[in-house]
Each structure stands twice: as C-alpha cells, then as structure tokens.
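*Asks:* Please build the complete structure, drawing on both the sequences and the hints.
Spelled out, the chains give:
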Amino acid sequence: MNIFNYELKINLKSSLYYLLGMIALTSLYLTFFPSFSKDTSAFINLLEGFPPEFQNAFGIDLKNILSIMGFYAFILFYILLISSIQGMNLGVSILSKEERDKTADFLMTKPVTRSKILISKLGASITIVLITNLLFYLVSYMSINLIIEDTFSFKVFTLLHLSVFLVEMIFLSIGFFIGVFLKKVKSTISISLAVVFSFFAIGAFAVNASDDKMRYLTPFKYFDTNYILKNGTYELSYLVVGIVLIILCLVGSYFIYVNKDIDSV
Amino acid sequence: MNLFFKELKTYRKSLIIWSLALVLFVAMAMIKYDATSAAGSSISALLMDMPKAFQSMLGFGTFDFNTPIGYFGATFIYLMLLGAIHGSMLGANILSSEERDKTSEFLMIKPITRNMVVAYKMLASLVIILIFNIVVFVSSFLIVNSHGTGQSYAKDVFLLMIGFFALELIFFFIGFFLSTILKRAKLAASLVTSILLITFIMSVLADMFDSLKWFKYLSPFSYFDPKVLLGFISINVVQIGIGVTIVLVLAYLSFVFFNKRDLEI
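Residue numbers (our numbering), protein chains in the order written: chain A, 99 to 363; chain B, 1032 to 1296.
These are calculated hints, taken from the structure and not from any lab test. Nothing here was measured: the structure is a model prediction, and the numbers come from that model. One or more of the hints may lead you astray.
Here are the simulated PhoX-like pairs of lysine-lysine, each with C-alpha atoms no more than 25 Å apart in a straight line [unchecked claim]:
#, chain 1, residue 1, chain 2, residue 2
1, B, LYS1040, A, LYS282
2, B, LYS1044, A, LYS107
3, A, LYS111, B, LYS1214
*Replies:* Take a look at the structure:
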C-alpha cells in the first residue's frame, strides 16, 4: 500500500494542472454557444431548402453537429488529445522512472514482489485517471447547465465523457507497456508525444469515413462522435477492440516486468 | 566542431524516423484526397455560406477541396503541428540531456567555453531542422504534384513550407530557452509541450469566434496559418514581427542564461 499511496501523492499534482486546464478550456468554449447557435440557425434554414441527398453528401448529420452536444463534442476532441498525453505520460513514466533515476535498486530490496510493485503502480495510475475524469465530468456537467439554457441528452453527454476516459485508459495501457518494454526511457514526454501524435495523425490523414477499416488503427477513431450523437451508443466492435487492447497491453507488461533484467546502479 | 558532429550523429536516427513518418503522413493525406475529391464542387459553394465557427468544426475553411493543393493546404496544419513538436522536443532536449544523463561535468572540463557549447548545439539543431524541412518539402512537392493534372504546385508547397520552418524554429527556441532557465532542465520538455498545446487550441478558437481574434497575436500557429501562407488572408506584419522577435530574443537570452547557469551535477 505504501507504493500505491506514494505514487498517488506525487502524480496527483501534475494531474490537477491538466484538470484545471481542461476545465478552463471547456468553460471558455461553452460561453460561445449562444452566439454560435444564433449564427447557425440561419444556416439550418438555408440547408432545409436543399434536397436530402445533398445533405447526405457530407456523410454526417449536420443538425446533430449543430446541436449543443455536437458543439460540445468538438472541444472534447481537443480534451481527448490532452488527456491522452496525460495518460500516456503517466503510463510510460510510472515504472521506467525507477530505472532512469537509479532508484530501482532501492525499490527492489524492499520486501515486495515485482508483481506487487506493478499492481500498486498500475492501481495508482488508474485511480488518478478515474479521479481526474470523474471530476472533469462533474464540473463540465455543472458548467454546461450554468451556461447553456438548451436541454441536452444526459446519456449522450455521459457517453462522450466515458469515451474520453476509455481512450485515456487505452493510452495509459500502451504507455505502461512501452515503459516496461523499452530497456531505458530517457525522455518520457518525447515518447508520449511521438506515440500520441502518430495515432492522431493516422486519424487525421488516413481515415476517410466512418466505415473505413483504417479506423481500427487509431484509438482516436474508436468512438465516433457522429455515431454517438445519432444513435446514443458506441459501435460494439470498436469498443471490444479498445478493451482487448487495454487487456493485452497490461497482461503483456506484467509478463515482461516480472522477467525483466532491471538496470542497477 | 567535435560537439557539432557528435550531436548530428546522436540525432541521426530520430531524424530519419521523423522524416519517414512525415513523408508517410503526406502520402496518406493525398490518398484520402483521391477518395474525397470525387464528391463534387457543389459542396464548396454551400461551404461558403456556412458560419465561420462551423467551417472550423468541419475542418474545411477557405480551401478548395477539389484541387490537390487546396486539400493539402487544409491538412497542412496537422503537419505543422508535428513539425512544431519535432522542433520543441529537439530544443528542450539537446542542452538538457547533458544534465539528465549526468554528462555535464565531462563536457565542461573540455577546452570549450559555454558560449561555444550553446553555439554548436544550436548550429547542429538548425542543420537537423533544415534537413528535416528539405525532406518534407521535396516529398510533399512530389506527392502533391503526382495527384495534380499537370500544373506544378512548387510555389504553393514552398510557401507552406516557409511557414512550417518558421513555426518549427519558434518552438525550437522556446524549448531551448526554457532548458537554460528552468532549475530542473527536465521540465523544459513538459512546459514547451503545454505551451504548444495551449497555443494550438488558441489558434483554433481564434478562427472560430470573432471575440477571440486577439488570440491570433498570442499563438504562433496563427502567425503562419496555412490560409495566410497560401494567400487567402493577407499577411499580418505585426504577427511576423512578433515571431522574428521571439526567435532572436530567445536565442540571445539562451546564451546569457546558460552562461550563468548553475549546472545540476
């Protein structure tokens, strides 16, 4: 329990900075919804004059995007990017820092098994991700109610936030795996940024449409916003792939870590 | 000069990986162009009537999606984001790695002044950035042209690349400067990442909402917006001035602060 408490304490502070940043960003963004919906209502009228085939050419349901949840989902995409980096940083550093800072010897001489170390550290990381996501969810719910007068679907709101949490968990797991897989991690943030933005770029450059199989390649596209807005559920196959990915990475890190040749001073 | 060549050698592998990744992303983006350009030009006409915030949400803006260069210009902001990450990581790491790897003492007992250390490391970084930019330029030019119908896009791609280079340079110097003033040089990478993400999101918001237009002066991403580079919006001299000032001042201050720095050994 010592390791768990210690990791929780030292990692919580930087997570709170991330949280404050995310709250500030969403609150600022939400204040623009009234003027946004005024601008777009004229556009919706214009759009209604066009035949439905034409509207379908966009491949998206425009009315959903122009609703408060569509507007909110846009900023959540950037939140997703930030929280993915946070999750990845946490995952990569939490085990590898012992070797980099030459404290692995100290830790290994304690009367705890490697699997106990791994589980405590993983538990601490997941707890941090849970706490930050839960706080963000609650504060966002309050601010959206304060700022916006329109009604919105609580289910869609929850699903959108839950998808941010799941993607962060995926990146946490990938990071955890990378942290034990690499022999030595020199700079955590360089690795996190390279991995997160590679997946981001695959999503931005390679994925064409919602039925594109390339979507399986990047966690950023597992939870399609338009699909959630329209149907109020996740696409099952992507949800399963995401969860399988988390399990594979975590089980893989466990087996590597218990057998790893850890660098000593 | 030994230090200069040593740095080039150290960063050779990462330079190759970064270059290949960007070439791959350009190729992927233009394959996507082939798939979307068939949708027809009637969409472009409707796009012009959309509210500005909504154009940004869909990722369209002022670009003509039916020409290779229009499409490339619209996705170019993501390439610039990757370039900025490359620059900021290079800047944050190239000096601070000595302290991180506990090699500062070794370096400092060499017959070389601190000014020369900074100068050689800066010079090596500039060469690395230049090679990286040339690779991205040549491959982008070849790939974009191969999707066109005969006319050459050399000038447009070149204009975009000037922005890419300038933005990368600004973030390189922010990272480099931070690593000379922060007490724990390791923090430079995290801090420059925060600056990068915040300014990137600011540039997105500045495009969406008129009342946040002043963000454009705070975000280097707006100084070299692809819409400016391709001539859709006229160049703002003040922004360019701020960009040049940032680079010159931070470069100068890096020398000043590194000379006074109490190295962590």
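*Asks:* Just pull the numbers of the violated hints for me, sorted ascending.
*Replies:* 2
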